[in-house]
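S.K.: So you can see what is in the structure, the chains are spelled out below.
2 protein chains.
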Amino acid sequence: MSFTFSIISSDENARRGEITTHHGKIQTPAFMPVGTYGAVKAISPQVLEEIGADVILSNTYHLMERPGIETIKQLGGIHNFMGWTRPLLTDSGGYQVFSLAKKRKISEKGVDFFSPLNGNQLHLSPETCMQHQMDLGVDIAMVLDECTPYPVEHQIAKDSMELSMRWASRCRDSFLSEKNALFGIIQGGVYQDLREESLSCLIKSEFEGYAIGGLSVGETKEEMNAVVAYISPKMPQEKPRYLMGVGTPLDIIHSVQQGIDLFDCVLPTRNARNGYLFTSKGVVKIRNSHNRIYEGPIDDACLCYTCRNFSRSYLHHLDKTKEMLGSTLNSIHNLFFYIELMSNIRLAIEEGKLKIFAEKFFKNWDNDINS
Amino acid sequence: MSFTFSIISSDENARRGEITTHHGKIQTPAFMPVGTYGAVKAISPQVLEEIGADVILSNTYHLMERPGIETIKQLGGIHNFMGWTRPLLTDSGGYQVFSLAKKRKISEKGVDFFSPLNGNQLHLSPETCMQHQMDLGVDIAMVLDECTPYPVEHQIAKDSMELSMRWASRCRDSFLSEKNALFGIIQGGVYQDLREESLSCLIKSEFEGYAIGGLSVGETKEEMNAVVAYISPKMPQEKPRYLMGVGTPLDIIHSVQQGIDLFDCVLPTRNARNGYLFTSKGVVKIRNSHNRIYEGPIDDACLCYTCRNFSRSYLHHLDKTKEMLGSTLNSIHNLFFYIELMSNIRLAIEEGKLKIFAEKFFKNWDNDINS
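Going line by line, the protein sequences match chains A and B.
Per our numbering, residue 251 is the first one in the first sequence, and the count goes up by one each step.
Per our numbering, residue 251 is the first one in the second sequence, and the count goes up by one each step.
It should be emphasised that the hints constitute simulated quantities derived from the structure, not laboratory data.
Quick caveat, the model's predicted, so the values are computed rather than measured.
Positions of the beta carbon are idealized from the N, C-alpha and C atoms, including for glycine.
There may be inaccurate statements among the hints.
Each computed DSSO-like pair below joins lysine-lysine, with the alpha-carbon atoms no more than 30 Å apart [unchecked claim]: (1) Lys570(B) x Lys572(A); (2) Lys323(A) x Lys603(B); (3) Lys323(A) x Lys408(A); (4) Lys570(A) x Lys484(B); (5) Lys570(A) x Lys531(B); (6) Lys572(A) x Lys484(B); (7) Lys484(B) x Lys291(B); (8) Lys531(B) x Lys352(A); (9) Lys531(B) x Lys408(B); (10) Lys531(B) x Lys572(A); (11) Lys610(B) x Lys535(A).
These stretches of chain B come out as covered by chain A in the derived footprint (C-beta under 8 Å, 3 or more residues) [said to hold, decoys possible]: (12) 352–360; (13) 405–415; (14) 436–444.
From chain B, some residues computed to sit far from chain A (all C-beta separations above 12 Å) [stated by the list, open to error]: (15) Ser252; (16) Gln296; (17) Asp423; (18) Ser561.
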C-alpha cells in the first residue's frame with residue numbers, strides 16, 4: 251500500500267496532515283476541485299497545477315455515461331486520459347444515482363437505473379463500482395452507498411444505512427489494489443445514533459479513510475453542522491476524514507475545526523461561471539453595475555493570474571459578452587481562493603491559531619460586498 | 251512615428267518582413283488571431299503569448315456596443331483593458347456596419363445605424379472612427395470604408411469606392427498620432443480598374459500600410475484570388491499589405507505568394523469550437539466516431555500544449571460533453587497551427603523555397619482526413 255496518512259500537527263480538534271499516494275502528496279486540510287467529466291470546467295490541468303491544486307475529484311457516474319469506463323481503461327486510466335499527473339479521487343456514483351438517474355431500482359444486489367442522457371440501462375453494485383474505480387486507476391476510491399433522502403423517518407434511515415454498510419463491506423472485499431486507497435462513507439441522515447452505528451460498522455472493515463456522506467440533501471445548515479460536530483471527533487484519529495460535497499468557505503473552516511481533512515465542492519467553479527467571486531471580505535458579484543467601471547482587481551490582496559492581470563471592468567465585460575474567457579478567469583480566481591484558503595488554514599493550525607483565524611474570517615465575511 | 255516596416259528578404263512576389271510598433275515587433279507574413287470583444291475566444295493573453303502570437307485584431311464596432319469606447323479609454327486603453335502587451339490592430343467597423351447593423355443610413359458624412367443588440371442609435375463618421383481608434387490606443391488603425399455588396403454593377407461599385415476614398419482622406423486628416431499607424435483600405439469589388447483607381451487614390455494620402463477590403467462577401471474563390479493577384483503586386487513595395495478577413499491555410503499561402511504580409515480570420519478559433527482541427531495533412535473532425543477511441547494526438551508532428559498532453563479521444567469526449575475546456579484546447583491547437591504555418595512560410599521565403607513549400611502543402615492537404 252503506497253497510501254499513507256500522517257498528522258504533522260493539531261490545534262484542538264483540527265489536524266494538519268499529509269496524505270501520500272501513488273501520484274504524489276496531498277497537504278491536508280485540502281480542497282479538491284471537481285472535474286465531473288474528467289475535466290475541471292473551463293480549466294486546463296496546467297492551470298490547475300499553477301493554482302496549486304494537490305488533488306481533484308471526478309465522478310464515476312458521469313464517466314460511466316460518457317465516455318464509458320472501458321474507454322478510459324483502454325486509454326491507460328483516468329490520469330492518462332485527462333492529462334492529470336497528481337492525486338485523484340472518484341465519487342462512487344451513489345449520490346448521483348440518487349440525484350440524477352431515472353427509474354432507479356435499489357435491491358440488496360445493487361442499483362439498476364436509466365441514464366437521463368441517452369436512456370441506456372445501467373447497473374451499479376458494490377462489486378462493479380469497485381471494478382470501475384480500479385479500471386479508472388484512481389488514487390482514492392469511494393464505497394458505493396445509498397444516499398438517504400431528507401426528511402426521512404428513523405427506521406427508513408436505519409434500513410438505508412444498514413444496506414450501505416453491507417455494501418461497504420462487499421466493496422472492501424472486492425477492492426483489490428496494492429497502491430490505491432478505499433474510503434468508507436458514514437450514512438445515517440441527521441440521526442446521531444445511526445451515524446455512530448454506521449461509523450462502528452465501517453471501522454471493522456478497516457478502510458484507508460472515512461467520509462461523511464448524505465449531507466447537503468435538504469437538511470438545514472444547523473443540522474448539517476450538528477452531524478459533523480458529533481461524528482467527526484469520533485472518526486479514527488489516524489485516518490483521513492472527508493466531508494463530501496461541502497462547501498462554502500465558512501462551512502470549510504467550521505468543519506476543519508471539527509477535525510475534517512478533505513473537502514470537495516462545485517461551488518468555486520459553478521459560482522465563477524455565474525460571476526460570484528470569493529474574496530477574503532466576502533462575495534463580489536461581477537455582474538453588479540458597480541463593477542462596470544472599476545479599475546481594480548477582484549481582490550487587491552489576491553495573487554492569482556486573474557487578479558494580477560485583469561480589472562473587474564474587464565471581467566464584467568467578459569460576463570456581459572458571454573466570452574468563455576470570463577468563465578476561465580473567474581474559475582482561476584475562485585479556485586485560487588479556495589486553495590489559498592486551505593493553505594492559510596494549514597498555517598493557522600501549525601501555529602495553533604485556527605480559532606483566531608476563524609473568528610477573524612467570519613467577522614470580515616459579507617455575502618455581497620457591493621450591496 | 252514609432253511604426254516602421256522593413257523587408258528582410260523576398261522570394262518572387264512574397265516578402266519576409268518586420269513591422270515595429272510601439273508595443274513591439276511583428277514578423278511578417280503574420281496571422282492575427284481575432285479578439286472581437288477584446289478577448290480571443292476561450293484563450294487567455296498568457297496562452298496567446300505562449301502560442302507565439304505577435305499581434306491580434308479587435309473590432310471597433312463590437313467594442314462600441316460593449317463595453318463602449320469611453321469605458322475602455324477610462325481604463326487606460328485596449329491593451330490595459332484586456333491585458334495584452336503586444337501589438338494590436340482594430341478593424342474600423344465599416345464591414346460590421348455592412349454585415350451586422352440594422353437600418354443603416356449611409357451619407358457623405360458617415361453612417362447612422364441601430365445596434366441589433368440593444369437598439370441604441372449609433373454613428374460612425376471618418377472622424378469619430380479615428381477618434382475611437384485613437385481612444386482605444388491601437389497600434390494599427392483602419393480607415394472607415396463602405397463595404398460594397400456583391401454582386402453589384404460597375405457604376406454602383408465605383409460610387410461606393412469613391413465614397414470610401416473621400417472617407418479615407420478625411421480619416422488621414424483626422425488621425426492624429428505620433429506613434430500609431432493608419433492603414434488605407436482598397437475597395438472596388440471585383441472590378442480591376444476600380445481596385446487600381448482606389449489604390450492610386452489612397453497612395454496620395456500616404457498611409458503607413460494598405461489593405462485589400464471588401465472581399466469574402468459572396469464572390470467566388472476564383473474572383474477573390476484574381477483581385478488579390480491583380481492588385482497586390484501593385485501595392486507600395488515598402489509598406490505592409492494586409493488582406494482582410496482571409497482565410498484558410500490554402501488562401502493564406504496563395505496570398506503570400508502574391509505579396510501579402512498580414513492576415514486575420516476567425517477560422518482557426520471558430521472552427522476549433524466546432525471541432526474542425528487543422529493539421530499539416532488537412533482537417534481532423536474531432537466529432538468523427540473514428541476519434542472516439544484514438545490514443546494519439548490531433549497531429550503527431552505538432553508541438554502545441556494540446557498535442558503534447560491530450561489524445562483525440564479526450565478531445566472527442568470534451569466535445570461530446572460540451573466542456574469549455576474542449577474549446578480552449580482545440581483553439582490552442584488551431585491557433586498554434588496558424589502561427590506555426592506563418593513561421594514556416596517566413597522560413598520558406600528566407601530560403602527562397604516558397605513555391606516548393608506551397609506545392610507540397612497543397613498536395614498533402616485533405617479537407618477531411620478521416621473520411
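S.K.: Would you mind marking each hint as holding or not holding in the structure?
M.R.: Results for each hint:
1. The suggested pairing of Lys570(B) with Lys572(A) holds, with an alpha-carbon distance near 21 Å, which does not exceed 30 Å.
2. With a C-alpha separation of about 46 Å, the suggested pair Lys323(A) and Lys603(B) falls outside the 30 Å cut-off, and the hint is violated.
3. Distance hint between Lys323(A) and Lys408(A) is unfulfilled; the C-alpha atoms sit about 37 Å from each other, more than 30 Å.
4. Straight-line distance between C-alpha atoms of Lys570(A) and Lys484(B) comes to about 44 Å, which puts the hinted pair past the 30 Å bound.
5. Proximity of Lys570(A) to Lys531(B) is assessed by CA-CA distance (about 39 Å); at most 30 Å being required, the pair is judged violated.
6. Between Lys572(A) and Lys484(B) the CA atoms are separated by roughly 42 Å; this puts the pair beyond 30 Å, and the hint is violated.
7. Of the pairs offered as hints, the one joining Lys484(B) and Lys291(B) is violated, with about 35 Å between alpha carbons and a cut-off of 30 Å exceeded.
8. Only pairs whose Cα atoms come within 30 Å are accepted, and Lys531(B) paired with Lys352(A) is rejected, the gap being roughly 45 Å.
9. Our distance criterion of 30 Å between C-alpha atoms is broken by Lys531(B) and Lys408(B), whose separation comes to about 42 Å.
10. Taking the CA atoms of Lys531(B) and Lys572(A), the gap is about 34 Å. The hint is violated against a cut of 30 Å.
11. For the suggested pair Lys610(B) and Lys535(A), the alpha carbons sit about 54 Å apart, so the restraint of at most 30 Å is broken.
12. Taking a C-beta to C-beta cut-off of 8 Å, the segment 352–360 of chain B contributes 0 residues in contact with chain A, too few for the three needed, and the coverage statement is violated.
13. Beta-carbon proximity to chain A at under 8 Å applies to 0 residues in the segment 405–415 of chain B; the threshold of 3 is not reached and the given coverage is violated.
14. Interface restraint, the segment 436–444 of chain B with chain A: violated (0 residues with C-beta to C-beta distance below 8 Å; minimum three).
15. Against the 12 Å criterion, Ser252(B) stays outside the reach of chain A, whose nearest CB is about 25 Å from its own CB.
16. Against chain A, the non-interface label of Gln296(B) is violated: not every CB pair exceeds 12 Å, the least being about 7 Å.
17. Against chain A, the non-interface label of Asp423(B) holds: every CB pair exceeds 12 Å, the least being about 32 Å.
18. Residue placement check: Ser561(B) does not keep its beta carbon more than 12 Å from all beta carbons of chain A (closest about 6 Å).
Hint check: violations occur at hints 2, 3, 4, 5, 6, 7, 8, 9, 10, 11, 12, 13, 14, 16 and 18; the rest are consistent with the structure.
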